[in-house]
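Residue numbers (our numbering), protein chains in the order written: chain E, 1 to 510; chain D, 1 to 510.
The set of hints was computed from the structure by calculation and includes no laboratory data.
Any given hint could be a false lead.
For chains that are exact copies, the list does not tell them apart, and a pair is met inside one copy or across any two.
Heads up, simulated DSS-like pairs for lysine-lysine below, C-alpha to C-alpha not over 30 angstroms straight-line [unchecked claim]: (1) 64 <-> 202; (2) 393 <-> 204; (3) 8 <-> 116; (4) 57 <-> 176; (5) 149 <-> 105; (6) 130 <-> 231; (7) 142 <-> 116; (8) 57 <-> 105; (9) 186 <-> 8.
Residues per chain, in single letters:
2 protein chains.
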Amino acid sequence: MKTIEDLKPLIDMLQEIQHLSSAGALLSWDQETYMPPGGGGARAEQLSVLGTLVHEKRVGEGMKRLLSQWLDLETGKIQGGGSVWDEPAYGLLREVWTDYSKRLKLPSDFVRRIGKAASLSHQVWVEARKKNDFSLFAPHLKIMIALKKEEASYLGYADSPYDPLLDSYEPGMTVKQVVPLFTALKAELVPILEKVVASQVKPKGDFLCFSYPVERQLTFGQEILKAMGYKFQDGRQDISAHPFTTSFHPTDVRMTTRVDEKDLCSSLFSSIHEGGHALYEQGLPPEHFGSPLGEAISLGIHESQSRLWENCVGRSRPFWQHFYPILQEHFSDQLKNINLDEYYAGINIVRPSLIRVEADELTYNLHIMVRFEIEKALIEGDLDVDALPGVWKEKMKEYLGVVPESDADGVLQDVHWSGGAIGYFPTYTLGNLYAAQIFRQAKKEIPELCPQIEMGDLLTLKRWLNKKIHRWGRQYPSEDLLQRVTGESLNPRYFIEALKEKFGEIYQFS
Amino acid sequence: MKTIEDLKPLIDMLQEIQHLSSAGALLSWDQETYMPPGGGGARAEQLSVLGTLVHEKRVGEGMKRLLSQWLDLETGKIQGGGSVWDEPAYGLLREVWTDYSKRLKLPSDFVRRIGKAASLSHQVWVEARKKNDFSLFAPHLKIMIALKKEEASYLGYADSPYDPLLDSYEPGMTVKQVVPLFTALKAELVPILEKVVASQVKPKGDFLCFSYPVERQLTFGQEILKAMGYKFQDGRQDISAHPFTTSFHPTDVRMTTRVDEKDLCSSLFSSIHEGGHALYEQGLPPEHFGSPLGEAISLGIHESQSRLWENCVGRSRPFWQHFYPILQEHFSDQLKNINLDEYYAGINIVRPSLIRVEADELTYNLHIMVRFEIEKALIEGDLDVDALPGVWKEKMKEYLGVVPESDADGVLQDVHWSGGAIGYFPTYTLGNLYAAQIFRQAKKEIPELCPQIEMGDLLTLKRWLNKKIHRWGRQYPSEDLLQRVTGESLNPRYFIEALKEKFGEIYQFS
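Isolated chain E (complex conformation) (with noise of 0.2 angstroms):
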């Protein structure tokens, strides 16, 4: 059998990439945590002119002459087939040709047009919001739609538009698989909204309002972040206005939190939340780094193990009942009246709001709903920009029941359409249906976990993500990684239960 010890010069080439890649990555960290103000204009040439380098290099007549000796550049049919190579040669040699393909269908003229107009979008976009003014958006918008489109039309398609896009994010995902997908999950999520609205039990959250002092909150999160087994010896946390996950190698993954005095679950959930997205990065096979066997699989797996932590773990039970006697600890004035009940009820309240980065793990996905439909008519053209604030208000009505009165808070609330990342929701909502399902598997795997949990031994789950999800990179694609893993393919079963069962016990119905 062939092995990817036969493909040592790709591997070199892609190492090589790699690495300028990640050079790109630590600008863009640093623009987020510590560049001054000033040098925002010298940073946007620094990533230009590399990221232009590592295309170059990507798509250059090097790569070419590579994979020409082991597959068809047309087809992607690798020579001698899955009976000559052995699985993470194969698989590797699959995954570096679909991103080969992928990005020589786009012209470099276009690759330049979009990241112009993105970046001015995004500019305008800031501004907009800040001034609550759809209409100065607008007309980007529009451009960025239209680039899309164009996008869209060169990556090619079979049914909709929408779909290589989607597919950009969460490779092999069609809107033929979402949309029922996400209509199966409307009509149970939206039952269970109606009775929790119904329901005569108010938790009370205000004492998470109380002032929390930012230092010790931050020490409180890395101190989970330990026990979660994420180890800041190679990385390290940092503050930012949006958190996020960046890895420069497994031996550097790196996250933000922001902290909020006034406000105990943002930075405590974003913590745990990135704190999940980094376990991955640092779990990714080193041996691998620059190959797709090196590589997050799909934004959708990584969200799962971002939500896992976040939601499966984080806001359980078990969780709380070893770690809530520690945050009292560190904040005894402003928790001692407030029994473990009262907290874990407090952390878990379901309330239909505006905002989706605010919203709890029920309504969340109703949010992401809205928007996949929108994005989804505005590529396939059933739907105008200039209508797009009327339609944000109907369809917050109709999924939420609330209706923002400013598009500040309505439809320009997320970043993301400003630079195009369009198709890119769906993977939120993806990432908490694999979540559950996968959280659902440990547990029957492990069936020691929750009482381990309810001890605070978090590190036997995350050795099994290590071995079940991290260290498999791109070898498998998401359908194939989760049906090794949980035995069967997507299930939205497993996180509708999950949710009755938690938000049934917490607001009393069943």
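Add chain D to chain E, keeping to what the hints say.
Frame of chain E, contents of chain D only:
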């Protein structure tokens, strides 16, 4: 006349290369400030890939094609000469060719070999210094010396193989100039030092080692940096083991400091020193970013800016006349019984000591001479590495009258040789001499300068330096620049005079 407008394709390419080089500089900055310990291996790879790329672009076919349009690649002769090109364009072509031809002289294989050897040698030096064991480091230093001799032979020289090494830090400077300069300087410094040592006046410095909370030290240092005109909008200050300044663009110039609760001077004077470097970098013309017209002319001139601020200003009485009361406010407990005279004498204590970076304004240069003589002898083949510890002690005895008990406090104390930075040391003393000559000129041209400094106005001086030095980039070689600014060549007289005046007053001799 042809202008830099006619060189646009060249300037575009230089800018692109400089943006890549700045990306590398950010990687290095991060390595010294925020990188987690585990990230070192990947960082070395990123820097190596990026460095190779930058080098290839600097000496590649693209550059060759461009340059050959305007000059003779062998001799650097510019077509048409100074009558066809205006001064900036002529200076630009001259400096670009200088860099190009120097880089081209070094075979790629050699660049790789010395890069690897330096990296290893540096690691071993760290260990050898920690273990106080010169014999560990000796074999690596031998390799580095051999490589630097090889480098000198590639670069070529008329008199001493040390010349091309010195030239790469201080273009135009030679052994023939430095030796008589240092000899004359030594002849002046030693008698001053003798008078200081013999003086009955023994200023006290114990109060500088009281406990000074680090946060407040940093705040005070930053107030001074602001007063100097350093723009925090376009830069920042962080903590690192060794203070340094780095620039990614005039709009993003960062410095670091170290801070020790038991040493008021360490962070304070390193901040002012680095502030001088940073003002030079922030003062370079942004419209020439990437071209030699946007770069510092030499290490000696760079050091003149830091030394001018650190010593001529930061250790002067007028400066503290304004800032000492403010410092006393910050540290009222520690300084309440120390008056301005006592403070001023305390920060200017002269004391022959073992460690260069802790040396005072006067003896510092004797440390440099010890190093210069030794490295010159090593490169010229007059001294064997194995004899170094002994020679070091002899020379320290001769120049400073003190002898280190351990090699860690002696020949192993500096990082420079381990990484191949041979020919660098003289630039420190050249910087001191330039600084005194330039500062004297500033006082001559701005009669109200000292009264202004007494009132805390440092901006007049900053603007004068911007106008006289910073804005020119590499348009004028160091010697021409000094001639333009001060009306004469380098003259150590001004430095000696300033020392005599300051220390004669403090130590009461004439």
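Comparing the hints with the structure gives:
1. 64 <-> 202: Neither, since 62 angstroms and 75 angstroms both go past 30 angstroms.
2. 393 <-> 204: Only inside one copy: residue 393 and residue 204 sit 28 angstroms apart there, 74 angstroms across copies, limit 30 angstroms.
3. 8 <-> 116: Answer is between: at 22 angstroms across copies they meet the 30 angstroms cutoff, but 36 angstroms inside does not.
4. 57 <-> 176: neither (35 angstroms within a copy, 48 angstroms between copies)
5. 149 <-> 105: The answer is within: 14 angstroms in one copy meets 30 angstroms, while 51 angstroms across copies does not.
6. 130 <-> 231: between (38 angstroms within a copy, 27 angstroms between copies)
7. 142 <-> 116: Within one copy only: 15 angstroms inside, 52 angstroms across.
8. 57 <-> 105: both (15 angstroms within a copy, 28 angstroms between copies)
9. 186 <-> 8: Result: close neither inside a copy nor across copies, 48 angstroms intra and 59 angstroms inter.
Consistency with the previously given hints fails for numbers 1, 4, 9, ordered from lowest to highest.
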